[in-house]
Each structure stands twice: as C-alpha cells, then as structure tokens.
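2 protein chains.
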Amino acid sequence: MTELVEKIRKDGSYLGNGILKVDSFLNHRLEPKLTLSFGKHFKAMFDELAVKGVNKIITAETSGIAPALATAICYDVAVIYARKKKPVTMLEHYSAKAPSHTKGGITKLMVSKEFLSKDDKVLIIDDFLATGKTLLALANLVKESGAELLGIGCVIEKSFEHGREKLAKLGIPIASLAIIDSLDKNGISVRKG
Amino acid sequence: MTELVEKIRKDGSYLGNGILKVDSFLNHRLEPKLTLSFGKHFKAMFDELAVKGVNKIITAETSGIAPALATAICYDVAVIYARKKKPVTMLEHYSAKAPSHTKGGITKLMVSKEFLSKDDKVLIIDDFLATGKTLLALANLVKESGAELLGIGCVIEKSFEHGREKLAKLGIPIASLAIIDSLDKNGISVRKG
Numbered sequence: 001m002t003e004l005v006e007k008i009r010k011d012g013s014y015l016g017n018g019i020l021k022v023d024s025f026l027n028h029r030l031e032p033k034l035t036l037s038f039g040k041h042f043k044a045m046f047d048e049l050a051v052k053g054v055n056k057i058i059t060a061e062t063s064g065i066a067p068a069l070a071t072a073i074c075y076d077v078a079v080i081y082a083r084k085k086k087p088v089t090m091l092e093h094y095s096a097k098a099p100s101h102t103k104g105g106i107t108k109l110m111v112s113k114e115f116l117s118k119d120d121k122v123l124i125i126d127d128f129l130a131t132g133k134t135l136l137a138l139a140n141l142v143k144e145s146g147a148e149l150l151g152i153g154c155v156i157e158k159s160f161e162h163g164r165e166k167l168a169k170l171g172i173p174i175a176s177l178a179i180i181d182s183l184d185k186n187g188i189s190v191r192k193g
Numbered sequence: 001m002t003e004l005v006e007k008i009r010k011d012g013s014y015l016g017n018g019i020l021k022v023d024s025f026l027n028h029r030l031e032p033k034l035t036l037s038f039g040k041h042f043k044a045m046f047d048e049l050a051v052k053g054v055n056k057i058i059t060a061e062t063s064g065i066a067p068a069l070a071t072a073i074c075y076d077v078a079v080i081y082a083r084k085k086k087p088v089t090m091l092e093h094y095s096a097k098a099p100s101h102t103k104g105g106i107t108k109l110m111v112s113k114e115f116l117s118k119d120d121k122v123l124i125i126d127d128f129l130a131t132g133k134t135l136l137a138l139a140n141l142v143k144e145s146g147a148e149l150l151g152i153g154c155v156i157e158k159s160f161e162h163g164r165e166k167l168a169k170l171g172i173p174i175a176s177l178a179i180i181d182s183l184d185k186n187g188i189s190v191r192k193g
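For the record, the sequence lines run as chains Z and U.
Position 162 of the first sequence, counted from 1, bears residue number 162 in the numbering used here, the numbering being contiguous throughout.
Position 22 of the second sequence, counted from 1, bears residue number 22 in the numbering used here, the numbering being contiguous throughout.
To be clear, the hints were calculated from the coordinates, so they are not data collected in a lab.
Bear in mind the structure is a predicted one, so any value in this text is a computation, not a measurement.
A hint or two may mislead.
Copies of the same chain look alike in the list, so a pair counts if it works inside one copy or between any two.
What the hints assert, rightly or not - With a straight-line cut-off of 25 Å between C-alpha atoms, the simulated SDA-like cross-links for lysine to any residue are:
#: 1; residue 1: Lys10; residue 2: Glu114
#: 2; residue 1: Lys43; residue 2: Glu165
#: 3; residue 1: Lys185; residue 2: Ser159
#: 4; residue 1: Lys86; residue 2: Leu20
#: 5; residue 1: Lys85; residue 2: Ser182
#: 6; residue 1: Lys84; residue 2: Ser100
#: 7; residue 1: Lys52; residue 2: Glu148
#: 8; residue 1: Lys133; residue 2: Pro87
#: 9; residue 1: Lys84; residue 2: Lys108
#: 10; residue 1: Lys169; residue 2: Ser37
#: 11; residue 1: Lys118; residue 2: Arg29
#: 12; residue 1: Lys21; residue 2: Lys113
#: 13; residue 1: Lys108; residue 2: Val5
#: 14; residue 1: Lys21; residue 2: Glu6
#: 15; residue 1: Lys85; residue 2: Gly18
#: 16; residue 1: Lys133; residue 2: Val54
#: 17; residue 1: Lys84; residue 2: Gly104
#: 18; residue 1: Lys86; residue 2: Gly16
#: 19; residue 1: Lys10; residue 2: Lys86
#: 20; residue 1: Lys166; residue 2: Leu91
#: 21; residue 1: Lys43; residue 2: Lys169
#: 22; residue 1: Lys21; residue 2: Val77
#: 23; residue 1: Lys113; residue 2: Pro87
#: 24; residue 1: Lys21; residue 2: Lys40
#: 25; residue 1: Lys113; residue 2: His162
#: 26; residue 1: Lys43; residue 2: Gly104
#: 27; residue 1: Lys84; residue 2: Ile188
Throw the hints in and build the complete structure from the sequences for me.
Structure representation (structure tokens):
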C-alpha cells in the first residue's frame, strides 16, 4: 500500500529498541480515510490471493479494532475483537495465551463461544506482525472454535522480527500492507507489502 | 435511533446487577452497517443541535473506538482514543482519572499532547453513558488541553444511573442514540435518544 509506505516515511519515527512510533495514524490517533483504505487494501490483496467465503473478521483489542472494522466494512461481515480482560458480560469463551506488549508477562485473549463456531470462515486482522505470537494465539483460538482460518492480514509487518516464518506452519496466506525491513538510527527501511 | 432500540430489544439481555449484555453488537462483536449508522446518527443529532466546527473526535479505549471511528468517518476528522495504559510510544500526555469498570479502582485516561491542543473543537463519543464518570474524565482531559468541547455522544444511555445530570454542569449538548430507563428481570425499557 503505497500511501501507507509514504505515511510511515513521513510520520513514523524510531524510538530505539526496535520500537516504531506510528501513533499518529495507527494506535492512538486515527485518520478515517486512511483507516478505511486499510480495509480496501486487505480485501483487494485477499481477493488476489483467491481467499473466498470470508464471513467473520477476528482481531484483538485495542489497536486491531480500527483496521479490523475497516476490513469488516469491505466484506460486510461481523468483526469480533478478542478481549484481554473478561468483561462481566462474557459467558463461555475460547481463550489463548499471548505475550503482553504493554505489561510483559502473558495476556489471555478471549472470544465468546456464542460468536464463533465451526461454520465460520475467518480472517484475522491486526495492526502489527512482529514476532507473530499474538497472531498465532488468535489462530489457535480460531482453531479451538472449529472455524476455518482463511488468512491473516496486518497493517505493518516488521520482517526483522520473523513473525511470518512462525506463522508459515498455518499454511494460509499472510498479507501485510507495509513491510519494515530495518529500523535503526539511520532510518526506517519500508516497502509495500 | 429506532434501529438501535429494536436491536437492544431483540439482542440485548439483562444479566442482573444493572448489567446489560449488548456484546453482540457494541463491545465484542460489531456489525459494520449498524456501527457506521451510529456515526451517521450522531452527526445528524449534533447538526440538529447546531453543533458546528468539529475537527476532532475523542473516545476512550476499548469499546468507544468503533462508534467514535464511525463518527469520525462522517465528519471526516481524526479520532483519538485515550489509552488506559501508557504505550511506550506515548511521550508527553494529558491525563484524567476515571473509575475502572473491569477492575474496580481507578483508571488513568491518557492522550498525547501532540494530538490535542487549544485550537481543537472536540466531540467526545463513547459506547455508554451510565454514571458519567468516564465521560467527565474525558471532558476534564479535553479541558486540560485547552481545546473546546462541543458535545458528548453515547450509543446507549442508562438514564437510571443519572450520568446526564452529572454532565449538565459542562453546559454542552449531550446526545444518546438509545436511552434505557429501567433494566430488571421484567425486561428492558428502552426508547430513542
């Protein structure tokens, strides 16, 4: 996605320790047109990959919600965001464990059983593909439900964290809108996904 | 919003202790068309209330993100979701304290200073108006930034928790898409906002 690559070059910044600051358009402040175009590009990429029959989008709170909703709008299917704390309104649920980005330690991702079943054909959409651990946890959660996982899409992939290799065993298409190959004091090396 | 009132009657359920379960369309699973129509209705209500010049939407993670993004799409302005844990990418920030729904205790809501300033004209959009404490915290945060708060919109108001009275001192329009007047074992009494 050329527009995203340009946006990362223009507004992204490197904070050290492998951390990319893109909170002006991805995980704190959002621009509606750009966010909606994430959905359009995911749909176009999965169409080209011959991914068909998607009837549900799954993501994880918090930063996955906006790109996942944008994608759900394009497919006109429901989106479910996995919760990291069990709300009082959640009854029986599927769960999977993933490392926590914010706190260290382990986060439990939870999806209500009533909203995901073996009849579903699912795309997972998230903001980042880095180590792949959160996405793998979501994939395990989808597997537990019996639903079919058709593909994984992420807005920004950090290829140098090798998450794509970890997800390869799932044997499904993985689509990134932008891929960052290196990130250091010399700059951000980013290309179209 | 008639469609939302019908949706609450059809898919909402009462779990006891004043808790309304609407996670099939508001805070776990989302339907794109319904979510987008939240935005359209907020815009129409604020237009009718002569609220003009909105250039930013503010909400709080997590469940506020979808209705706030839908509203930002209609206004074609940026949306910022206040964070409850400080991300590593957040530098200087405004903050306000609100009671935590999930954990008890107090949650700190944080917005980066770089994304909100005295030149902004803000609408706050959230999923629920109950006691009004979270919305009041967001209003205080906007005030701290020097931005002008033009109005507050929430998808579902529980009028029996009297949040609207608490927000009245702000002297700004408050718009709810659906208002629940009572919630008990006899049913959900809900009307258009």
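Looking back at the hints listed earlier, which ones does the structure fail to meet? 5, 10, 13, 20, 25, 26, 27
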